[in-house]
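Chains as they are written, first to last, in the working numbering: chain A, 274 to 567; chain B, 274 to 567; chain C, 274 to 567; chain D, 274 to 567.
Simulated from the structure, these hints should not be mistaken for laboratory data.
Only a predicted model underlies this, so the values are computations on that prediction, with no experimental measurement involved.
Don't take every hint at face value.
Copies of one chain are not kept apart here, so a pair can be met inside one copy or by any two copies together.
Unchecked claim - Once the Cα atoms are required to be at most 25 Å apart in a straight line, the calculated DMTMM-like pairs of lysine to aspartate or glutamate come out as: (1) Lys-318 - Glu-482; (2) Lys-466 - Glu-560; (3) Lys-347 - Asp-538; (4) Lys-548 - Asp-538; (5) Lys-466 - Asp-538; (6) Lys-366 - Glu-382; (7) Lys-347 - Glu-537; (8) Lys-548 - Glu-305; (9) Lys-318 - Glu-560; (10) Lys-347 - Glu-415; (11) Lys-278 - Asp-513; (12) Lys-278 - Glu-382; (13) Lys-438 - Glu-537; (14) Lys-548 - Glu-537; (15) Lys-518 - Glu-537; (16) Lys-347 - Asp-449; (17) Lys-548 - Asp-513; (18) Lys-438 - Asp-449; (19) Lys-518 - Asp-538; (20) Lys-466 - Glu-317; (21) Lys-278 - Glu-333; (22) Lys-564 - Asp-449; (23) Lys-518 - Asp-547; (24) Lys-548 - Glu-387.
There are 4 protein chains.
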Amino acid sequence: MDILKLIVDTDIGSDIDDALCLAYLLQQPQCEILGITTCSSEPEKRAEIVDSICQYVGREFPIFPGLGAPILGKQLQVAVHQYDVVEQFPHRKQFPSNQAIAFMKEMIEANPHEITLLPIGPLTNIGALFAAYPHLVPLVKEVSFMGGSFFDEAVAFMPVEWNIKNDPVAAKIVFDSGVPIRVAGLDVTLRLKIQCTDFINASCAKVLEPVVAYARKFLERTNDMYFHDPLVAAFLFEEDICSFKRGFVHTDIGCDWGRTYFTEDVNGNVLVADKIDPDCFFRHYYEVIDKQEA
Amino acid sequence: MDILKLIVDTDIGSDIDDALCLAYLLQQPQCEILGITTCSSEPEKRAEIVDSICQYVGREFPIFPGLGAPILGKQLQVAVHQYDVVEQFPHRKQFPSNQAIAFMKEMIEANPHEITLLPIGPLTNIGALFAAYPHLVPLVKEVSFMGGSFFDEAVAFMPVEWNIKNDPVAAKIVFDSGVPIRVAGLDVTLRLKIQCTDFINASCAKVLEPVVAYARKFLERTNDMYFHDPLVAAFLFEEDICSFKRGFVHTDIGCDWGRTYFTEDVNGNVLVADKIDPDCFFRHYYEVIDKQEA
Amino acid sequence: MDILKLIVDTDIGSDIDDALCLAYLLQQPQCEILGITTCSSEPEKRAEIVDSICQYVGREFPIFPGLGAPILGKQLQVAVHQYDVVEQFPHRKQFPSNQAIAFMKEMIEANPHEITLLPIGPLTNIGALFAAYPHLVPLVKEVSFMGGSFFDEAVAFMPVEWNIKNDPVAAKIVFDSGVPIRVAGLDVTLRLKIQCTDFINASCAKVLEPVVAYARKFLERTNDMYFHDPLVAAFLFEEDICSFKRGFVHTDIGCDWGRTYFTEDVNGNVLVADKIDPDCFFRHYYEVIDKQEA
Amino acid sequence: MDILKLIVDTDIGSDIDDALCLAYLLQQPQCEILGITTCSSEPEKRAEIVDSICQYVGREFPIFPGLGAPILGKQLQVAVHQYDVVEQFPHRKQFPSNQAIAFMKEMIEANPHEITLLPIGPLTNIGALFAAYPHLVPLVKEVSFMGGSFFDEAVAFMPVEWNIKNDPVAAKIVFDSGVPIRVAGLDVTLRLKIQCTDFINASCAKVLEPVVAYARKFLERTNDMYFHDPLVAAFLFEEDICSFKRGFVHTDIGCDWGRTYFTEDVNGNVLVADKIDPDCFFRHYYEVIDKQEA
Chain A
274 MDILKLIVDT DIGSDIDDAL CLAYLLQQPQ CEILGITTCS SEPEKRAEIV DSICQYVGRE
334 FPIFPGLGAP ILGKQLQVAV HQYDVVEQFP HRKQFPSNQA IAFMKEMIEA NPHEITLLPI
394 GPLTNIGALF AAYPHLVPLV KEVSFMGGSF FDEAVAFMPV EWNIKNDPVA AKIVFDSGVP
454 IRVAGLDVTL RLKIQCTDFI NASCAKVLEP VVAYARKFLE RTNDMYFHDP LVAAFLFEED
514 ICSFKRGFVH TDIGCDWGRT YFTEDVNGNV LVADKIDPDC FFRHYYEVID KQEA
Chain B
274 MDILKLIVDT DIGSDIDDAL CLAYLLQQPQ CEILGITTCS SEPEKRAEIV DSICQYVGRE
334 FPIFPGLGAP ILGKQLQVAV HQYDVVEQFP HRKQFPSNQA IAFMKEMIEA NPHEITLLPI
394 GPLTNIGALF AAYPHLVPLV KEVSFMGGSF FDEAVAFMPV EWNIKNDPVA AKIVFDSGVP
454 IRVAGLDVTL RLKIQCTDFI NASCAKVLEP VVAYARKFLE RTNDMYFHDP LVAAFLFEED
514 ICSFKRGFVH TDIGCDWGRT YFTEDVNGNV LVADKIDPDC FFRHYYEVID KQEA
Chain C
274 MDILKLIVDT DIGSDIDDAL CLAYLLQQPQ CEILGITTCS SEPEKRAEIV DSICQYVGRE
334 FPIFPGLGAP ILGKQLQVAV HQYDVVEQFP HRKQFPSNQA IAFMKEMIEA NPHEITLLPI
394 GPLTNIGALF AAYPHLVPLV KEVSFMGGSF FDEAVAFMPV EWNIKNDPVA AKIVFDSGVP
454 IRVAGLDVTL RLKIQCTDFI NASCAKVLEP VVAYARKFLE RTNDMYFHDP LVAAFLFEED
514 ICSFKRGFVH TDIGCDWGRT YFTEDVNGNV LVADKIDPDC FFRHYYEVID KQEA
Chain D
274 MDILKLIVDT DIGSDIDDAL CLAYLLQQPQ CEILGITTCS SEPEKRAEIV DSICQYVGRE
334 FPIFPGLGAP ILGKQLQVAV HQYDVVEQFP HRKQFPSNQA IAFMKEMIEA NPHEITLLPI
394 GPLTNIGALF AAYPHLVPLV KEVSFMGGSF FDEAVAFMPV EWNIKNDPVA AKIVFDSGVP
454 IRVAGLDVTL RLKIQCTDFI NASCAKVLEP VVAYARKFLE RTNDMYFHDP LVAAFLFEED
514 ICSFKRGFVH TDIGCDWGRT YFTEDVNGNV LVADKIDPDC FFRHYYEVID KQEA
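Produce the complete structure using the sequences and hints provided.
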């Protein structure tokens, strides 16, 4: 059984799916988390939230608050709603400052061709990493993330997807770098929807307990709970969840700021999820979560 | 046999394929040409060239020089090379000024839902028409044109296609208008290539005689002769030439000025040619050209 | 005393300043209004409002509802709030459809170098006019309008100005056309602020009576009343109100969609208001309004 | 006498003015060069050229080849013409790889508020530095560079300036960062022109000897020699050369890719050179060059 080396980059604390993804990864035996970086506004608060979930199941990782504003453009995601809950759980409050980029650089150089980057927020940290250190691009095994929307009515009629919209220049740097990418767009992840209340009531795995607390906070805003981010972790380990098309992705940094366009091409560097089996996903997700409880 | 009502809009005089397209239409019995407008630089010279070909086979149409510069951006196509040859053929030298847009407007209003616009140059005239008279959009039967590139390596590695690059804002107005469009991109039309010398030596149809003269002038620049424009006329009459995909086209008017992106969508207003049968095309082209000689 | 020939193009019915401007022009003896066109959403409703004010003082003009959506991009101004009030005043309800552009074209061709265009809303109609009929550009005496923001903190920190934001492509067509322009940006017009309640209580000129009614409706939204649009009418007749700088204006149609940048240049086609004397403006405004009552 | 701590970032090897600037700095007693980084294509070759000039006058600095391609967009400057000459002079051929960004980071952190960055090529390295390490921005004393064009006909009619055009996204990152900037645009530096042959014949200062060799190579392309880059070094030490206006600079990354717009504003982070005294510049330049020979 191969072990996948991961660096997770998360804007946990706004939407709830980052916590769902982190919980999954903590129970996924086939991965080794080398470290976790945070992105978007107030990355220090988000680092605390990460640690609160990890400590709850007795895990500790290097955690680095990353870049708190997009490379270009306005910060659109200003609140870390779920931070109100973090004090319920023991966690570290101090993290190394301004070292997220350097940490990723060192890890990639020390593990050439072995690390999968798993950004599940705006692509600021990865974009800045590739801008400053383009020699790292061929040393990265893969970037797997949730972002954009690619197929059918998604492109023409849906609003611009949030992760890309929050830093389109970073996204363009990553897509244009040529690095191998596996991505799921909003058009696909929207199919992974459950009610937050159902999740709260059903969850009994230990790893999900702090997630449930954060979900109660999230519930103040909406009861619609999408598993955007867990998908791009899960499909690394269970290939039956999604099918993909290979091609190139163009990111608009002009008047359609943040919109993404996919062109199928056998030479493309991007695999875009085009079909998804939600049952397969949820079965796999809970299997991983629950099996580890034993 | 249905007769298709057409308005042809051409930048004849630069590349040779506009003349090839016009010759085809003059021999195509299933179409009625209501008038011909010209676009790109020095539209009056281009109008003369149009008339020289029409007169040669005894046809006369309303001809209107149209807009001589793109709606926004620089004029990139400045020379009308083939104009050097126009004096070899009788033709009118005076045309109504500044009436191309008004002519198209009147025709469309007088023939609602019946007119196919066939622009085979930059989309300036059609874009300006739709900008000034958006109420015409639902009255147009279809816009059929050559422009953009949509599939495979074309998008990632080829230069931006010339017709769109010469007026991206006009193209965006047309694509975004919702008007029914049938388009062939450069990735498809590049497959319709013959040697210009072969064409010159082989042609004996009367309608092609002035075209051969223009082709000799064209030969000073290159021997590669592409049937870009004839394709988007021919596929209106012979459906076996191309298959199409339905969707939306996004035109970049930012840093990728003029690049086009296609997204498949059952509700899209655009049919984009994706596969082509070159043999079928050339067989059909010469059948139409030659049959009428009889 | 020279008489200025004007075509007014207005999105009256949203903000209140269009009505203030129209009232002024109705009393300004030095101008001849050749006709009035409307722009932005539901231009027919706006045409009714125009006529209600004109009829109240016994004036009648050709009125043409113009383009109801921007040339490119989304319609942002969807409501015609003040239309709720229009039934209080006699007015025509039917206007010629789809003829605003053609009307402007005919007037300009019939009065070469004599007509000042006075757009006081998004520049859609003028932009479409110039796109379709660029030969008119050198026949226009001047375009005078309110739009953009140009100086000091306005550019860096203020939101994009509303008229330009509602149709940046139209604005770019107009600014780039080379037509002589006199423009006042938001940074200058913001200095012409009074309380709407003060205006309502003080106004007794007959021409202002329907404007007061529309202002009561406007008051439901805010009490801050800015004389944006009257300024660009008034400074055509009273040169002491503003000083200007000459140069070029660049309109961003990319990621800063609708933002404008001014560069001073002796060869520029644009005069941008840079300093304003609010006392001089209000004194002039009420002098014109009141004098005509006599 | 204050000593200015500098990091120079150069694309030496294409235009000749980088060498002119480096020669000046080597003789300028009021500066301490902490290190030199290179940018644009083939940065290793450019590092060799830097060292060849430094060694000639017995100086040695840390030299780091930097980023060889723009953050986004195509590499437009592909040739290092003057590299043909480098073998005439002793120089190092090996430099640390991929460490330019890290070097700048360390220096700035070790000398907070003391370092002036002097990029005299595309802004790639500085843009990437600020993207990856925005916490450094308030620690930089100033960025002084040549780039853009700002006043009069420069903006409307001149082509986009080369340094910005080669990496507009990097330029936008730097201008938008808020870092204190002093910049001279092409409109100003174009006034610093001499004939390359005159320079070659007149130069006798030891520091200029290798520069003369590079200038002979440069002469194969043109005899017009502009002192673009030396200006932005010289005006740091001699305040009479230029006057400046304070404001903000907007960099277009859309359809006017790389064009810059200046807005005067007392709160701006940018000082843009608006007037220049060429005599004062050349007098100062040669004084510095020659005085040190003694």
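For each hint, the structure was consulted:
1. Taking the shortest Cα distances, Lys-318 and Glu-482 sit within 25 Å of each other inside one copy (19 Å), while across copies they are farther apart (58 Å).
2. Taking the shortest Cα distances, Lys-466 and Glu-560 sit within 25 Å of each other inside one copy (18 Å), while across copies they are farther apart (57 Å).
3. In this homomeric assembly, Lys-347 and Asp-538 come within 25 Å of each other (Cα to Cα) only across copies, at 21 Å, whereas the closest approach inside a single copy is 33 Å.
4. For a Cα distance limit of 25 Å, the shortest separation of Lys-548 from Asp-538 qualifies both inside one copy, at 17 Å, and across copies, at 15 Å.
5. Taking identical chains as interchangeable, the C-alpha atoms of Lys-466 and Asp-538 lie at most 25 Å apart only when they sit on different chains, with a minimum of 23 Å there against 30 Å within one chain.
6. Taking identical chains as interchangeable, the C-alpha atoms of Lys-366 and Glu-382 lie at most 25 Å apart only when they sit on different chains, with a minimum of 24 Å there against 28 Å within one chain.
7. In this homomeric assembly, Lys-347 and Glu-537 come within 25 Å of each other (Cα to Cα) only across copies, at 22 Å, whereas the closest approach inside a single copy is 31 Å.
8. In this homomeric assembly, Lys-548 and Glu-305 never come within 25 Å of each other (Cα to Cα): the closest approach is 28 Å inside a single copy and 46 Å across copies.
9. Within a single copy, Lys-318 and Glu-560 get their C-alpha atoms no closer than 30 Å, and across copies no closer than 56 Å, so neither meets the 25 Å cut-off.
10. In this assembly of identical chains, the alpha carbons of Lys-347 and Glu-415 lie at most 25 Å apart only when taken from different copies (24 Å versus 28 Å within one copy).
11. With identical chains, the CA atoms of Lys-278 and Asp-513 are at most 25 Å apart within one copy only, with a shortest distance of 21 Å there and 52 Å across copies.
12. Taking identical chains as interchangeable, the C-alpha atoms of Lys-278 and Glu-382 lie at most 25 Å apart only when both belong to the same chain, with a minimum of 13 Å there against 31 Å between chains.
13. Proximity of Lys-438 to Glu-537 under the C-alpha cut-off of 25 Å is found in both arrangements, the shortest distances being 23 Å within a copy and 22 Å between copies.
14. In this homomeric assembly, Lys-548 and Glu-537 come within 25 Å of each other (Cα to Cα) both inside a single copy, at 15 Å, and across copies, at 14 Å.
15. Taking CA atoms no more than 25 Å apart as the test, Lys-518 paired with Glu-537 passes in both settings, with 7 Å inside one copy and 13 Å between copies.
16. For a Cα distance limit of 25 Å, the shortest separation of Lys-347 from Asp-449 qualifies both inside one copy, at 22 Å, and across copies, at 11 Å.
17. Proximity of Lys-548 to Asp-513 under the C-alpha cut-off of 25 Å is restricted to the intra-copy arrangement: shortest distance 10 Å within a copy versus 31 Å between copies.
18. With identical chains, the CA atoms of Lys-438 and Asp-449 are at most 25 Å apart both within one copy (16 Å) and between copies (18 Å).
19. Taking the closest pair of Cα atoms, Lys-518 and Asp-538 come within 25 Å of each other both inside a single copy (9 Å) and across two copies (16 Å).
20. Taking the shortest alpha-carbon separations for Lys-466 and Glu-317, neither the intra-copy value of 29 Å nor the inter-copy value of 44 Å comes in at or below 25 Å.
21. In this homomeric assembly, Lys-278 and Glu-333 come within 25 Å of each other (Cα to Cα) only inside a single copy, at 16 Å, whereas the closest approach across copies is 42 Å.
22. Taking the closest pair of Cα atoms, Lys-564 and Asp-449 never come within 25 Å of each other, the shortest separation being 39 Å inside a single copy and 50 Å across copies.
23. Taking the closest pair of Cα atoms, Lys-518 and Asp-547 come within 25 Å of each other both inside a single copy (6 Å) and across two copies (17 Å).
24. For the homomeric pair Lys-548 and Glu-387, neither the shortest alpha-carbon distance inside one copy (27 Å) nor that between copies (40 Å) is at most 25 Å.
Consistency with the previously given hints fails for numbers 8, 9, 20, 22 and 24, ordered from lowest to highest.
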